[in-house]
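Trainee: Sequence:
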Amino acid sequence: MAEFTFELNDDQKQVRDWLHGFAKDVIRPAASEWDEREETPWPIIQEAAKVGIYSLDFYAQQFFDPTGLGIPVTMEELFWGDAGIALSIVGTGLAAVGVLANGTEEQIGTWIPQMYGTPDDVKVAAFCSSEPDAGSDVAAMRTRAVYDAAKDEWVLNGTKTWATNGGIAGVHVVVAVVDPELGSKGHASFIVPPGTPGLSQGQKFKKHGIRASHTAEVVLEDVRVPGSCLLGGKEKLDERLARAREKVKAGGERVKNAAMATFEASRPAVGAMAVGTARAAYEVALDYARTRVQFGRPIIDNQGVAFQLADMRTRIDAARLLVWRASWMATAGKPFTSAEGSMSKLYASEVAKEVTAQAVQILGGNGFTREYPVERMHRDSAIYTIFEGTSEVQRLVIARTLSGMPIR
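Position in the sequence shown (first residue = 1) + 2 = the numbering used here.
In case anyone wonders, no lab produced these hints; they're calculated from the structure.
Just so you know, not all the hints are guaranteed correct.
As the list claims (entries may be wrong) - Result set (SDA-like, lysine to any residue): computed pairs, CA atoms no more than 20 Å apart in a straight line: (1) K206 with R381; (2) K52 with Q116; (3) K355 with Q310; (4) K209 with F309; (5) K355 with L404; (6) K26 with V53; (7) K125 with K187; (8) K187 with Q116; (9) K238 with A142; (10) K125 with W44; (11) K52 with P115; (12) K26 with K249; (13) K187 with K249; (14) K52 with T69; (15) K187 with R146; (16) K206 with E241; (17) K355 with G298; (18) K206 with G172; (19) K236 with R146; (20) K209 with T371; (21) K208 with P228; (22) K206 with V221; (23) K249 with K153; (24) K153 with P228; (25) K125 with E241.
Claimed, not checked - Label-pair distances were calculated between CB atoms; the ranges are: (26) V53 with L404: 39 to 45 Å; (27) T120 with T161: 27 to 33 Å; (28) P115 with D27: 37 to 43 Å; (29) G306 with V53: 38 to 44 Å; (30) P182 with I110: 26 to 32 Å; (31) G23 with P134: 39 to 45 Å; (32) R292 with G204: 44 to 50 Å; (33) K153 with D123: 29 to 35 Å.
C-beta: ideal position from N, C-alpha, C; glycine also.
Starting from the given sequences, assemble the full structure and let the hints guide the process.
Mentor: And the structure:
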């Protein structure tokens with residue numbers, strides 16, 4: 003296993019610079035248009051596919067980078083370009099991680115390639131966990147999966163919400179309840195193949211930020227999927243449920259559910275997204291402060307502005323280091339004994355909100371207009387403290403991990 007280092011190797015630098023060039027030349031020029039249109043930027047996704055960024059091979063290479071830094075570097079550079087378009091490009095990855103975290107080798111080999119399609123016919127995938135009454139409270143999930151032994155099929159019913167690519171995806175990964183008595187321990191994940199009857203898109207949300215990313219409800223009405231679409235397989239599920247029942251009877255340790263396994267694996271990546279947005283806003287503010295003249299001198303000559311920029315850069319670098327540490331630990335197989343994954347997501351997401359707000363303030367009236375990108379970056383940053391576990395949930399995870407107590 004690679005030692006932890008702050009220095010990227012030559013291959014990582016080459017990938018970083020390549021991604022930065024794509025973000026600068028392709029994503030940024032299109033950011034305002036797709037934000038206004040509030041539509042999935044299919045041409046940009048296709049361009050990313052043609053150059054190899056939107057592909058299973060590329061993300062597999064980054065995911066299996068022995069240093070753990072491949073994914074955070076990728077996320078930071080793409081989200082430096084624009085959060086909405088970048089999320090459209092990487093949103094399929096959450097569904098892919100769901101399969102990687104819970105699926106068999108055969109399922110991984112069968113379904114993940116279908117999530118991406120080809121450069122000439124790009125596809126997207128959706129991970130469906132949240133529900134109208136069950137967001138952070140996964141134990142309140144109502145979507146049910148019932149096994150039909152006679153046909154070796156699972157029947158899914160329920161409504162999912164806040165699903166990135168929900169309804170427009172080819173492959174949907176759906177988390178559902180298989181044993182209601184076990185609460186969050188009685189969940190499992192299922193593949194819903196393209197064109198499966200009974201799955202439809204509910205309302206599409208008009209959002210405050212990340213508008214180029216499609217977010218919608220997914221409605222499941224008697225959706226039947228083959229038994230082979232249960233991630234991990236039925237034998238593994240039955241064994242896990244049996245262990246959970248025994249531990250519930252004994253009052254033993256908590257058992258992680260399928261959704262949480264996916265979120266734990268992706269939290270440092272979300273932190274890297276936040277770092278990218280924060281860095282982008284900081285750079286705009288720094289450039290503006292150097293060139294904006296007031297009272298006969300650049301505004302960066304004033305301590306009030308210069309000190310803000312100093313704090314912004316310090317927080318961004320600190321957030322990146324937390325993200326890199328958590329990413330390296332996850333790849334090295336080191337347990338998050340202090341909830342380091344949640345720490346990285348919590349701090350980076352809060353930094354993104356703070357830094358983008360400061361950038362708007364430094365630009366003054368100009369920062370409040372759509373003529374400058376910090377207005378959009380500030381709107382986009384709000385999502386980082388909400389999705390894949392709110393900041394409050396991250397603090398709860400950290401506090402429970404540190405104390406060993408069931409803090410509520």
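Trainee: A separate judgement is required for each hint: does it hold in the structure or not?
Mentor: Tested hints:
1. Proposed proximity of K206 and R381 is supported: the alpha carbons are some 19 Å apart, at most 20 Å.
2. Distance hint between K52 and Q116 is fulfilled; the C-alpha atoms sit about 16 Å from each other, no more than 20 Å.
3. Restraint check for K355 and Q310: the C-alpha separation of about 14 Å stays at or below 20 Å, so the hint holds.
4. In summary, the hint linking K209 to F309 is not supported, as the alpha carbons are separated by about 33 Å, beyond the 20 Å threshold.
5. Among the hinted pairs, K355 with L404 is inconsistent with the structure: their alpha-carbon atoms are about 26 Å apart, more than 20 Å.
6. Among the hinted pairs, K26 with V53 is consistent with the structure: their alpha-carbon atoms are about 14 Å apart, no more than 20 Å.
7. In summary, the hint linking K125 to K187 is not supported, as the alpha carbons are separated by about 32 Å, beyond the 20 Å threshold.
8. Proximity of K187 to Q116 is assessed by CA-CA distance (about 29 Å); at most 20 Å being required, the pair is judged violated.
9. Distance check on the hinted pair: K238 and A142 sit about 23 Å apart at the alpha-carbon level, beyond 20 Å; violated.
10. In summary, the hint linking K125 to W44 is supported, as the alpha carbons are separated by about 9 Å, within the 20 Å threshold.
11. The hinted pair formed by K52 and P115 meets the criterion: a straight-line CA distance of about 15 Å does not exceed 20 Å.
12. Taking the CA atoms of K26 and K249, the gap is near 52 Å; set against the 20 Å cutoff, the hint is violated.
13. The suggested pairing of K187 with K249 holds, with an alpha-carbon distance near 10 Å, which does not exceed 20 Å.
14. Note on K52 and T69: the hinted pairing is violated, with a Cα-Cα distance of about 27 Å set against a maximum of 20 Å.
15. Straight-line distance between C-alpha atoms of K187 and R146 comes to about 14 Å, which keeps the hinted pair within the 20 Å bound.
16. Restraint check for K206 and E241: not satisfied, since their Cα atoms lie roughly 38 Å apart, outside the 20 Å limit.
17. A C-alpha spacing of about 31 Å is found between K355 and G298, which places the hinted pair above 20 Å, so the restraint is violated.
18. Taking the CA atoms of K206 and G172, the gap is near 17 Å; set against the 20 Å cutoff, the hint holds.
19. As the CA atoms of K236 and R146 are separated by approximately 16 Å, the hinted pair is consistent with the 20 Å bound.
20. Distance restraint check for K209 and T371: the Cα-Cα separation of roughly 18 Å lies within the 20 Å cut-off, and the hinted pair is therefore satisfied.
21. Under the criterion of a C-alpha separation no larger than 20 Å, the hint pairing K208 with P228 is inconsistent with the structure, at around 34 Å.
22. Pair hint K206 plus V221 holds up; C-alpha atoms about 12 Å apart against a cutoff of 20 Å.
23. About 31 Å separates the Cα atoms of K249 and K153, which puts this hinted pair outside 20 Å; it is violated.
24. The suggested pairing of K153 with P228 holds, with an alpha-carbon distance near 8 Å, which does not exceed 20 Å.
25. The suggested pairing of K125 with E241 is violated, with an alpha-carbon distance near 34 Å, which exceeds 20 Å.
26. Remark: the range hint 39 to 45 Å for V53 to L404 is upheld by a beta-carbon distance near 44 Å.
27. For the pair T120 and T161, the supplied restraint of 27 to 33 Å holds, since their beta-carbon distance comes to about 32 Å.
28. For the hinted restraint 37 to 43 Å between P115 and D27, the CB-CB distance of approximately 28 Å leaves it violated.
29. With their beta carbons about 43 Å apart, G306 and V53 fall inside the hinted range of 38 to 44 Å.
30. Hint check: P182 to I110, Cβ distance near 29 Å, so the stated range 26 to 32 Å holds.
31. At about 41 Å, the CB distance of G23 to P134 agrees with the hint of 39 to 45 Å.
32. For R292 and G204, the Cβ-Cβ distance of about 48 Å falls inside the hinted range of 44 to 50 Å, so the restraint holds.
33. Range check, K153 to D123: about 31 Å between beta-carbon atoms, so the 29 to 35 Å window is met.
Figure legend: structure checked against the earlier numbered hints; hints not met, in rising order: 4, 5, 7, 8, 9, 12, 14, 16, 17, 21, 23, 25 and 28.
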